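Protein chains: 2
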Amino acid sequence: MRFEITREYIDELRIKIEEKNQKDALSLIVNLYPADIAEIYNELNIDEAKFLYLLLDKEKASDVLIELEEDDRERFLKVLPSDLIAKQFINEMDSDDAADIIGELPEKKQEEVLSHIEDFSLAGDIVDLLNYDENSAGGLMAKELIAVNENWSLLYSLKEMRKQAEKIDELFYVYVVNDDNILNGTLSLKRLLLAQSAKLISEIVNYKVISVKTDTSSEEVANIMKKYDLVALPVLDGIGRLVGRITIDDVIDVIKEEAEKDYQMISGISEDVEPNDSVFLLTRARLPWLLIGMIGGIFGAEAMSNYKNDLAENASLALFIPLIAAMAGNVGVQSSSIVVQGLANQTIYLGSTFKKVMKEIAVALSNGLICSSLIFIYNLIFSDSFALTLTVSISLFIVILFASTFGTFVPMALNRLKIDPAVATGPFITTVNDIIGLIIYLTIGRILFGIF
Amino acid sequence: MRFEITREYIDELRIKIEEKNQKDALSLIVNLYPADIAEIYNELNIDEAKFLYLLLDKEKASDVLIELEEDDRERFLKVLPSDLIAKQFINEMDSDDAADIIGELPEKKQEEVLSHIEDFSLAGDIVDLLNYDENSAGGLMAKELIAVNENWSLLYSLKEMRKQAEKIDELFYVYVVNDDNILNGTLSLKRLLLAQSAKLISEIVNYKVISVKTDTSSEEVANIMKKYDLVALPVLDGIGRLVGRITIDDVIDVIKEEAEKDYQMISGISEDVEPNDSVFLLTRARLPWLLIGMIGGIFGAEAMSNYKNDLAENASLALFIPLIAAMAGNVGVQSSSIVVQGLANQTIYLGSTFKKVMKEIAVALSNGLICSSLIFIYNLIFSDSFALTLTVSISLFIVILFASTFGTFVPMALNRLKIDPAVATGPFITTVNDIIGLIIYLTIGRILFGIF
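Order-wise, the sequence lines are chains V and Z.
Residues 144 to 595 (this note's numbering) make up the first sequence, in order.
Residues 144 to 595 (this note's numbering) make up the second sequence, in order.
No lab work stands behind these hints, which were simulated from the structure alone.
Just to be clear, a hint being listed does not mean it is correct.
Stated by the list, open to error - SDA-like mimics (lysine to any residue), calculated; alpha carbons at most 20 Å apart, straight line:
#1 Lys-370/Z x Glu-400/V
#2 Lys-203/V x Val-352/Z
#3 Lys-370/V x Val-374/Z
#4 Lys-451/V x Tyr-521/Z
Since the structure is predicted, the reported quantities are computational estimates derived from the model, not experimental observations.
Can you build the whole structure from these sequences, using the hints too?
Right, dumping it as structure tokens:
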């Protein structure tokens, strides 16, 4: 029932395309869902993709276009003339998808495409939507929705709803407005189904409705829909008039992007890249953090050069440099990522930063005690230098304590300063913890090798 | 319109609870959504929470229970007798929520609670659902749904749907089955609204329907719903009979958990923890990776001890150990995380592992060239040892090349072996790259210091 792309399938399709066999090529894709066809497009070159596109009916072709990866879509639209884009695709789309796609075009082409849209009210909706920030409720919403007046009878409303429903793909809620288009409530389809047809709208409306403003951030929209388990969310303008609605499928993308952004930060990648992107893009996304790491390494070398004599006299001290650095880095990443995830999930509730840091210190104390005891026992057995044994365990304990505290404190401070705390999770925290950890280690080493 | 917890609000509520002022306490929470009340519970102790609970009506109380964090719920249910749990909460729930909550109880209490459920068919549904794996479609689905027979008239169906709708919270699709309860299609509510009441179901049904089996993994369920933008997904048994449906809100949790799992792996945390968890839990979640990092560090020290004389003779060699180790780690994490994210998003399509590794090598070549040139220039200016200058740049280049290849190859290989590739992103890949990177560095150092 579901479709899976195979190498054989793609090969067969390519042969049909090469033969310019429209009938057979179409029969291979005609029963697939748009999302499946979009996946196939990733395996084809631009000419093959274009050939297939012209075989699809307008509605399916636009659905496929929406499902394509942004890069693929851009490449594809670049080779198409503006009037074809308007007539073949945009006319068939919901306003939110249409605005997203037009928003991706260069400015000159945007105007051209808009001028070729036949449905004047759709063109107006798109222009309205393009004004909103991409990362706000206004940027996520579609204008198409079903609204009824609270003073209407249910019977009249049903007639109106039938008219309005022709314009929209899916229907989850009916919005209830007053004469000024102010949102007053919702009608779930279940209520509609259960209601006796004699009643007035005002008798079955649910007046308790969660809504957002056009300028609510998309992150907050996602949090609200997730928290209250909503599949659709009405969007209001500054004075409470209903201007659009956001559906859950758009918000799932936001949720995924948020998670990916944090993941990229912690892995030291500064742009949204995929394994299929170009070598240039992949290099550019990775270089910034590598350079930061390298500059950190240079600072580390400078700091350590003060201990060059100690290292020359006691070369065994150098052997544990990687262990200390790695532990400092790992502990720092652990601590900062717990904070970042807690902030993202909003599981860090009220309560002072101080309390959180104290708890982190307690965790660090126990982890530090366990790790440094183990390395103490190891070195006691295998190392012939008691000074080294003592230096490694004591400094490991202090380094774990410091790195945890620092790793907890920095993202919390960034969050207070309204900076994305995820910045603190990647190579930055590792690098700083590395350097400070090594200074701690070598200082303790100098003292203890002086004593023993 | 929306609610935000403040310290003042909580203080006021606590005072009312302390005064045993039921009326005022209830008035503070009665207009809130269950998800908001659940958030308030996180700020209260168990006695305060219990006091509030008994003020709520049954339906709201069970909704709040569903919204609580798992730990809080467990603690709360522990102090309640089984018959109260059944009568106060479970009776009011959908089968999927009821099964989830009963599944969290100790086995003995499960049986007790089940025996106290008044609605025999709900008890049966719960027992059925408890048999499915938590991480499968069967474990996610609810039994409550609206289904009509394809041979019914629309009018008769509407009557039947009204009866069935009383049992469910939200309604998105009506499922169409044949006499054997085999799923044949769906009816969107939009179609129902647009249909003339005279027609037969078979005339307006959409026969193209995406479904899953009870044993489909929850990860695949999430991918399907995301890919095809579904808000509800029917679940079939082995022979195609309709047994339940999954709604998007349950799947959002799965999507979030998947993302969190990968995030935890890369940050070296081995259990699902939150900043509010106990010190013991937080310690336990972090210790395993720290120990692996430490064992790696010990191996590193052993490997480096072969170069102890080189380090003693040329102590400046030790200064760049942290830089080489950090770069090896960072590059490895970058490479592996791009692969892991690509696999999770299914943006790694067909095409051989070989091609991906070749591309990664190209990226590594350019990053390696840039970084090692820069460090070469730096050392040329600031270092008085040409041997060191050459050693650091050449080995940095080789280390970046190796760490990228290794970081790409390992998660791809794990994925082939059906092991979660995210295992390769955390401290594991960093540690291995650290050790191998340092051996490369010190070996090249020994050679070059021998020559110059």
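We went through each hint and held it up to the structure:
A C-alpha spacing of about 15 Å is found between Lys-370/Z and Glu-400/V, which places the hinted pair at or below 20 Å, so the restraint holds. Only pairs whose Cα atoms come within 20 Å are accepted, and Lys-203/V paired with Val-352/Z is accepted, the gap being roughly 17 Å. Among the hinted pairs, Lys-370/V with Val-374/Z is consistent with the structure: their alpha-carbon atoms are about 16 Å apart, no more than 20 Å. For the hint pairing Lys-451/V with Tyr-521/Z, the CA-to-CA distance comes to about 19 Å; that is within 20 Å, so the pair holds.
Of the numbered hints stated above, none is contradicted by the structure.
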